[in-house]
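Protein sequence lines correspond, in order, to chains A and B.
Numbered by the numbering used here, the letters in the first sequence go through residues 1 to 363 in order.
Numbered by the numbering used here, the letters in the second sequence go through residues 1001 to 1121 in order.
Simulated from the structure, these hints should not be mistaken for lab results.
All C-beta atoms in this analysis are idealised placements derived from N, C-alpha and C, irrespective of residue type, glycine included.
Careful: at least some of the hints might be erroneous.
Claimed, not checked - With a cut-off of at most 25 Å between alpha-carbon atoms, the simulated DMTMM-like pairs for lysine to aspartate or glutamate come out as follows:
1. A/K177 <-> B/E1009
2. A/K179 <-> B/D1104
3. A/K227 <-> B/E1031
4. A/K168 <-> B/D1010
5. B/K1101 <-> B/D1113
6. B/K1041 <-> B/D1010
7. A/K158 <-> B/D1113
8. A/K179 <-> B/D1010
9. A/K177 <-> B/D1008
10. B/K1097 <-> B/D1010
11. B/K1101 <-> A/E231
12. B/K1101 <-> A/E183
13. B/K1101 <-> A/E180
14. A/K227 <-> B/D1104
15. A/K158 <-> B/D1104
16. A/K227 <-> B/D1010
17. B/K1116 <-> A/D159
18. A/K227 <-> B/D1008
19. A/K158 <-> B/D1010
20. A/K227 <-> B/E1009
21. B/K1101 <-> A/E176
22. B/K1101 <-> A/D190
23. B/K1101 <-> A/D159
24. A/K259 <-> A/D298
What the hints assert, rightly or not - Simulated coverage check for chain B against chain A, where a stretch passes if three residues somewhere in it have a Cβ under 8 Å from a Cβ of chain A:
25. 1015-1024
26. 1095-1108
As the list claims (entries may be wrong) - Facing chain B, a subset of chain A residues (Cβ under 8 Å, in silico):
27. R144
28. Q145
29. L147
30. T148
31. T149
32. H151
33. L152
34. I153
35. F155
36. N156
37. D159
38. K177
39. Q226
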Amino acid sequence: MLNNPSTTALGLTSILIVSFLIDLLLPLGISPAILYLPILIANIRTPFPAKVMFHFCTLITAFIFIAYMSSASVMADESVIIMNRVLAVIAVWVIGWLCYIIKQGQIRLNEELETNKQKDSALIHQSRMAGIGEMIGYVAHQWRQPLTTLHLIFFNIKDSYEHDELDKESLDTSFEKSKELIETLSSTIDDFRDFFRPTDPSKGREAIDVFRSVQHVLNLISISFQKSHIEINLEIKDTKTHVLNYRNEFIHVVMNVLKNSKDAILDNQISEGRIWIRSALKDDRITVYCVDNGGGIDESNLHKIFEPYFTTKDSYGTGIGLYMSRVIVHSHMGGTISAKNTITPYGKGAQIEISLPIHKETK
Amino acid sequence: MILLYVEDEDMVRNQLARILGRRADSILIAENGKVGLELYKQHSEEISMIVSDIRMPVMDGMTMCKEIRKEAPKLPIIIVSAFIEDDDKKKLNGNTKYIPKPIDITSLITTVDMIKQQQEG
Chain A
1 MLNNPSTTAL
11 GLTSILIVSF
21 LIDLLLPLGI
31 SPAILYLPIL
41 IANIRTPFPA
51 KVMFHFCTLI
61 TAFIFIAYMS
71 SASVMADESV
81 IIMNRVLAVI
91 AVWVIGWLCY
101 IIKQGQIRLN
111 EELETNKQKD
121 SALIHQSRMA
131 GIGEMIGYVA
141 HQWRQPLTTL
151 HLIFFNIKDS
161 YEHDELDKES
171 LDTSFEKSKE
181 LIETLSSTID
191 DFRDFFRPTD
201 PSKGREAIDV
211 FRSVQHVLNL
221 ISISFQKSHI
231 EINLEIKDTK
241 THVLNYRNEF
251 IHVVMNVLKN
261 SKDAILDNQI
271 SEGRIWIRSA
281 LKDDRITVYC
291 VDNGGGIDES
301 NLHKIFEPYF
311 TTKDSYGTGI
321 GLYMSRVIVH
331 SHMGGTISAK
341 NTITPYGKGA
351 QIEISLPIHK
361 ETK
Chain B
1001 MILLYVEDED
1011 MVRNQLARIL
1021 GRRADSILIA
1031 ENGKVGLELY
1041 KQHSEEISMI
1051 VSDIRMPVMD
1061 GMTMCKEIRK
1071 EAPKLPIIIV
1081 SAFIEDDDKK
1091 KLNGNTKYIP
1101 KPIDITSLIT
1111 TVDMIKQQQE
1121 G
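Excised from the complex, chain B in its bound form (with noise of 0.2 Å):
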């Protein structure tokens, strides 16, 4: 399984990249949606799963999943942010899980290892 995590904050990037990276077969990482929606675009066939944090600098992570859920609508992405709008609450389906910050780690690795597990199964 192949991982895309878009994270800005430099030290959160690189601890949670450490922990997401031990759930999936590789892990891309991008510091913005637009780096993210580029990475998406070029391994679009092997990315099985998405997590992204909200307010990005150049493109913020709703963006982002918008532009890429027009090409898959069933990925599964996990949005991990302290802040998420109303609006964008609306937007989250079945397919988009969201994580509040600050990260209760535990609730993340259940999702991901969960939605590895239906992927697998």
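Extracted from the complex, chain A is given alone in its bound form (with noise of 0.2 Å):
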């Protein structure tokens, strides 16, 4: 069984070569198939090292070559066939052993890929379970109103009951209040809830758009930056813009991204603490833009910023959340994200910027 199709063009190309090879080599008719045996074993699944086997079918390969021309009634000087049989013999052994070499790179080389796929995915997964607690903080903000609002609602339910005020239409119009803020207690818990539900890379990437995405994050967000004294402001224009990503990643990223600003507002005491949220078109790209008054990035972390485990949160940060967002970012979207410095009306400040290609059917 061939491994793969990429190892089976390797193989075709390589019998190409050898038999090219060969018959420069050796004009007197061998057969390519027995000279890319060992080759071709290279390329298969066996119960032993493929080094083992490549030795033993190249030796294996050379004796019945050996055989063959010695069988063989040959009418040639014996000092050219025997140069012929020694030629023949390291050229196969120098191709097949090129092609292990190459076969071997390449199993190395999607190994090593394949396990990167997996330490990022660790990665966003650790991520989103490190931001359960703050989103459990921002599910306390955005129930705190709302369940206030009941609470008083059901107060006045008996209060007016008391004082013999309760007839139908204030108990009817109690009930469609309550109800209202029951729906709006349940949305809450669903958009956390899709917020966490794991990323299915089986099912591909969906077209999401921008503008509503960026919404939907500030939608769970608000309360917790208001308190924050942080004033959020979205300067994006509903354009339908949509890119492709995986079930909620993109909003992820933009969730980090405001997290990363507010913790800058809040570390350095910004007291009238900003944040600008814009985006640009053009060509085929969409670009975001948050940009905030946090004091700005260290010159000397400016390039390390998007590095896995790197902080300057002391104890509080993980250093997953930049980088988990690069590997959105690059690896899923097909997009870029960088950082600078930059001076806003409020103060200094730091700039990040996403691009990404716009997804084609919808622009």
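Build the complex from these two chains, which are given one at a time in their own frames, with help from the hints.
What follows is the structure, given as structure tokens:
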């Protein structure tokens, strides 16, 4: 069984090269298929290590070849035959060995890619899990207001009853208001549940509206940011621009970038925290800019912030958030993410730039 | 007794105004600190208690209270808020009470009734 189409292609190419070289070296009519045996074997899964199989098959081939050459009634000078035999064996061995090395390199590369992929997906998962505590905080803030109102409505129903003021109309009004509030609570839970639903790469990427995704993040976090006196200015135009991503991943990226801005603003004790989210359309790309006035990033750290486990947040930073964002943007969305320092009307800050290819069917 | 109630959230304001209204002779309602401060200035002689949220647009509750405190250091003020900074907490004195959100209505009513009794007694 051949390993995969690429090794098959490599094998076929090798057959051609070997045949050509053998024809060149030995104009005596030897079957290229026999000579290719070691290379072919090197591409087959066997219970023995590929290296052992290669040497074993090359030796067998060399014996078959020598036996063939010896038995053939070759009308040629003895020294030429010997030289041809030696050259042919060396050629088979060298070419086979090269193919073996290429194949091993390929295997190692694939293994490396697979390991990196697993590492990245483990980090993405880890990052999501790390965000759970924070998200529970967001839920608490989202729920506080409707819960307070519900509590007050129930209190007023009881109060009205005790004062003999409860009629059908006021009861219906209270009922409708309560229903509305319960729906709000329920939809908050749906939003958060969606957010934590794991990504299933087998389902493929889906087109998401950039504006709506950013809006969705703001719905989730706005109250928490307000509490920290941070004003978020959404300056993205609703251009119905779509990009491809795996479920919720872009939302996670935006969330991470905003969280970093928030942390910078709080760490640097900026009293009037400001975040601006802007966008620009150019050619086939949409660029989302997140600008804050959190004091900016130390120049020496600018090139490190997207590296795994790099953090300046001492005890509470995991160093995964921005790395994970880069993995998602680069590998899953075919985009780029970069950071630079900037000056805003409210002081120094950082700008994170996310450039994404627009999904062609909907642009 | 005239009570000034300041809250920016419509639904909370409508519901709590009804509850507080039962305990006051009259209730003045404002949707932010600025309106609250204006109402206070217009009715400073009559207002005997303030119930206010902190986080509000235009002018927050703490700024409004600070302004009012300049003229009425002894006026009872009840701060009702989900968010209160440690610095703000330190500013609370005997005449300023704090009720966290989600509101424990019983606790709020008890506080209002207690202040009312003190004033009447």
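Results for each hint:
Under the criterion of a C-alpha separation no larger than 25 Å, the hint pairing A/K177 with B/E1009 is consistent with the structure, at around 14 Å. At roughly 21 Å between alpha-carbon atoms, A/K179 and B/D1104 fall within 25 Å of each other, so this suggested pair holds. Distance hint between A/K227 and B/E1031 is fulfilled; the C-alpha atoms sit about 18 Å from each other, no more than 25 Å. Taken as a hint, the A/K168 and B/D1010 pair is honoured in the structure, with Cα atoms around 23 Å apart against an allowance of 25 Å.
Distance hint between B/K1101 and B/D1113 is fulfilled; the C-alpha atoms sit about 19 Å from each other, no more than 25 Å. For a cut-off of 25 Å, the pair hint linking B/K1041 to B/D1010 stands: about 23 Å separates their Cα positions. Of the supplied pair hints, the one linking A/K158 and B/D1113 holds, its CA atoms being roughly 19 Å apart against a limit of 25 Å. Restraint check: the Cα-Cα separation between A/K179 and B/D1010 comes to about 17 Å, which is no more than 25 Å; the hinted pair holds.
For the hint pairing A/K177 with B/D1008, the CA-to-CA distance comes to about 18 Å; that is within 25 Å, so the pair holds. For the given pair, B/K1097 sits about 23 Å from B/D1010 by alpha-carbon distance, which is consistent with the 25 Å threshold. Distance check on the hinted pair: B/K1101 and A/E231 sit about 22 Å apart at the alpha-carbon level, within 25 Å; holds. Taking the CA atoms of B/K1101 and A/E183, the gap is about 20 Å. The hint holds against a cut of 25 Å.
Between B/K1101 and A/E180 the CA atoms are separated by roughly 20 Å; this keeps the pair inside 25 Å, and the hint holds. Taking the CA atoms of A/K227 and B/D1104, the gap is about 20 Å. The hint holds against a cut of 25 Å. Between the alpha carbons of A/K158 and B/D1104 the distance comes to roughly 15 Å, so the proposed pair stays at or under 25 Å and holds. With a C-alpha separation of about 19 Å, the suggested pair A/K227 and B/D1010 falls inside the 25 Å cut-off, and the hint holds.
A hinted pair counts as satisfied when its Cα atoms are at most 25 Å apart, and B/K1116 with A/D159 qualifies at roughly 20 Å. A distance of roughly 15 Å separates the Cα atoms of A/K227 and B/D1008; the hinted pair therefore holds under the 25 Å criterion. For the suggested pair A/K158 and B/D1010, the alpha carbons sit about 21 Å apart, so the restraint of at most 25 Å is met. Of the pairs offered as hints, the one joining A/K227 and B/E1009 holds, with about 15 Å between alpha carbons and a cut-off of 25 Å not exceeded.
Distance restraint check for B/K1101 and A/E176: the Cα-Cα separation of roughly 23 Å lies within the 25 Å cut-off, and the hinted pair is therefore satisfied. Proposed proximity of B/K1101 and A/D190 is supported: the alpha carbons are some 24 Å apart, at most 25 Å. Note on B/K1101 and A/D159: the hinted pairing holds, with a Cα-Cα distance of about 20 Å set against a maximum of 25 Å. Note on A/K259 and A/D298: the hinted pairing holds, with a Cα-Cα distance of about 18 Å set against a maximum of 25 Å.
Given a C-beta distance limit of less than 8 Å, the hint that chain A covers the stretch 1015-1024 of chain B holds, as 5 residues qualify and 3 suffice. Here's how the stretch 1095-1108 of chain B fares: 4 of its residues keep a CB closer than 8 Å to some CB of chain A, so the rule of at least three is met and the hint holds. Look at A/R144: its Cβ gets to within about 5 Å of chain B, closer than 8 Å, so that hint holds up. Interface restraint check for A/Q145: the shortest CB-CB distance to chain B comes to about 6 Å, inside 8 Å, so the restraint holds.
Taking 8 Å as the C-beta contact cut-off toward chain B, the hint placing A/L147 at the interface holds, the least distance being around 5 Å. The beta carbon of A/T148 is positioned within 8 Å of a beta carbon in chain B (closest approach about 4 Å), and the interface hint is therefore held. The beta carbon of A/T149 is positioned within 8 Å of a beta carbon in chain B (closest approach about 5 Å), and the interface hint is therefore held. Taking 8 Å as the C-beta contact cut-off toward chain B, the hint placing A/H151 at the interface holds, the least distance being around 6 Å.
Interface restraint check for A/L152: the shortest CB-CB distance to chain B comes to about 4 Å, inside 8 Å, so the restraint holds. At a threshold of 8 Å, the smallest CB-CB gap from A/I153 to chain B is about 6 Å, leaving the interface hint in force. A cut of 8 Å between beta carbons decides the hint on A/F155: the least distance to chain B is about 5 Å, and the hint holds. A distance limit of 8 Å between C-beta atoms decides the matter here; for A/N156 the minimum to chain B is near 6 Å, and the interface restraint holds.
This hint holds: A/D159 has a C-beta 7 Å from the nearest C-beta of chain B, less than the 8 Å allowed. For A/K177, the suggested interface contact is upheld, since its CB lies about 7 Å from the closest CB of chain B, less than 8 Å. Restraint check, A/Q226 versus chain B: the minimum CB separation of about 7 Å is within 8 Å; hint holds.
In terms of the numbered hints stated before, the structure departs from none.
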